[in-house]
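Based on these hints, arrange chain A on the given structure of chain Z.
Number of protein chains: 2
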Amino acid sequence: MKIAILGGTGSIGKGLALRWSGMHEIVVCSRELDKAMKAAGECSTLLSDKGLFCSGISGSTNETGIKDVDVVVLSVLYQGIVPLLKTLTPCFSDQIVISLVVPMKKNRWFEYTPPKHGSAALEIQETLPKSVKVVSAYHNVPARKLANLDITLDYDVVVCGDDDGVKGTVMQLTREINNLRPLDGGRLASSYMIESLTPFLINLAIRNGLSEVGVKFV
Amino acid sequence: MKIAILGGTGSIGKGLALRWSGMHEIVVCSRELDKAMKAAGECSTLLSDKGLFCSGISGSTNETGIKDVDVVVLSVLYQGIVPLLKTLTPCFSDQIVISLVVPMKKNRWFEYTPPKHGSAALEIQETLPKSVKVVSAYHNVPARKLANLDITLDYDVVVCGDDDGVKGTVMQLTREINNLRPLDGGRLASSYMIESLTPFLINLAIRNGLSEVGVKFV
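Listed in order, the protein sequences are those of chains Z and A. So for the first sequence, the numbering used here puts the first residue at 16; every next one is plus one. So for the second sequence, the numbering used here puts the first residue at 16; every next one is plus one.
Mixed in with the good hints there might be a few duds.
List time: in silico DSS-like cross-link candidates among lysine-lysine, alpha-carbon distance up to 30 angstroms [as the list claims (entries may be wrong)]:
1. Z:120 / A:231
2. Z:231 / A:231
3. Z:231 / A:121
4. Z:101 / Z:120
5. A:17 / A:65
6. A:120 / Z:131
7. Z:120 / A:131
Derived from the structure by calculation, the hints contain no laboratory data.
Next comes chain Z alone, as it looks inside the complex (with noise of 0.2 angstroms):
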């Protein structure tokens, strides 16, 4: 497949381009061609120096890299990617697109903050065309570890979505990647769930002196 991710030069977004390189053609896509270009370079350099086989990773701007792909990853803060969405409409079709999205506002803690649509997962199906997709996952991830070869995942990531086939996509490209195991979090509506653990998460690994953590459901 071929797959486009916005955001692609965070570390989320680089370590799950790296993951699947080997099976699929990543787009690392950016507003900025130059910086999209780095970040394609990084990855192909780090895999070569491993000696990973990569099936192809280059650099776009959002509106070329998203236009021809069969799955578009939104690895963006919620701040913005409403309007990134709308002006970025005709460049749509049908594409599968995975949100990784999540609105949270720091105060002395971490704060789940959803839209009233009750999730950006569910905002950000309603501002797309409706032959377009939308499946929440990969926000549980802990994001440097994810983007560290060296390191072997073991976690659980919960897929949500409405179109059972395309959410079965999602959880085969999830199980694509070494000891991440794809669960069945049922349809969007239940998105609020799985975004709201990342603050959670996040406030979680603070008090209790902990790295970045993850979740498995044992």
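Chain A only, in chain Z's frame:
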């Protein structure tokens, strides 16, 4: 310590009684004395059959049981909890109360239905005298596994509470159960996060064909 367990005839109440009975004096409580005595007797027999030391497990009515204890565990259904606690108010002085209570309903799936206070724990704190300190914990430890002493537990227990000393006591009680790791979840106002995990975990188990699941933050 002397620990009264309301709802001590259910799996999770029995499980806590069994796991703490080597170190603490347990009072299994129920509305009906017969049921409480029977459950306490079953626990004693089970421990004695396994050759395990027991500091004492007795059965009692709720009213008598909670009077002279250090800790009261509320392992009861949300429905009816407020009227129950109001009738018990004269029996409370300055006990620590551990709430395992989760307000939820089942339509097709389980759904968290917090009261207007934001969580069961906050509502319980408001219902009880101010001298009673409420802590929220143990919602997400699989009940049947807790009650089966042949199973070594390996879960995280997030503990929320407003009094740091009291929260520390409950975290220590948690540590005394092999392989349960207590984590500080912040103030009682954060209890909605761990309460709402319960229906989420039940749904996740059903959807994915898992047996009852708990949680680990890794």
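Now the hints, each set against the structure:
no.: 1; hint: Z:120 / A:231; in the structure: 25 angstroms, holds
no.: 2; hint: Z:231 / A:231; in the structure: 5 angstroms, holds
no.: 3; hint: Z:231 / A:121; in the structure: 24 angstroms, holds
no.: 4; hint: Z:101 / Z:120; in the structure: 23 angstroms, holds
no.: 5; hint: A:17 / A:65; in the structure: 23 angstroms, holds
no.: 6; hint: A:120 / Z:131; in the structure: 23 angstroms, holds
no.: 7; hint: Z:120 / A:131; in the structure: 23 angstroms, holds
The structure shown violates none of the earlier numbered hints.
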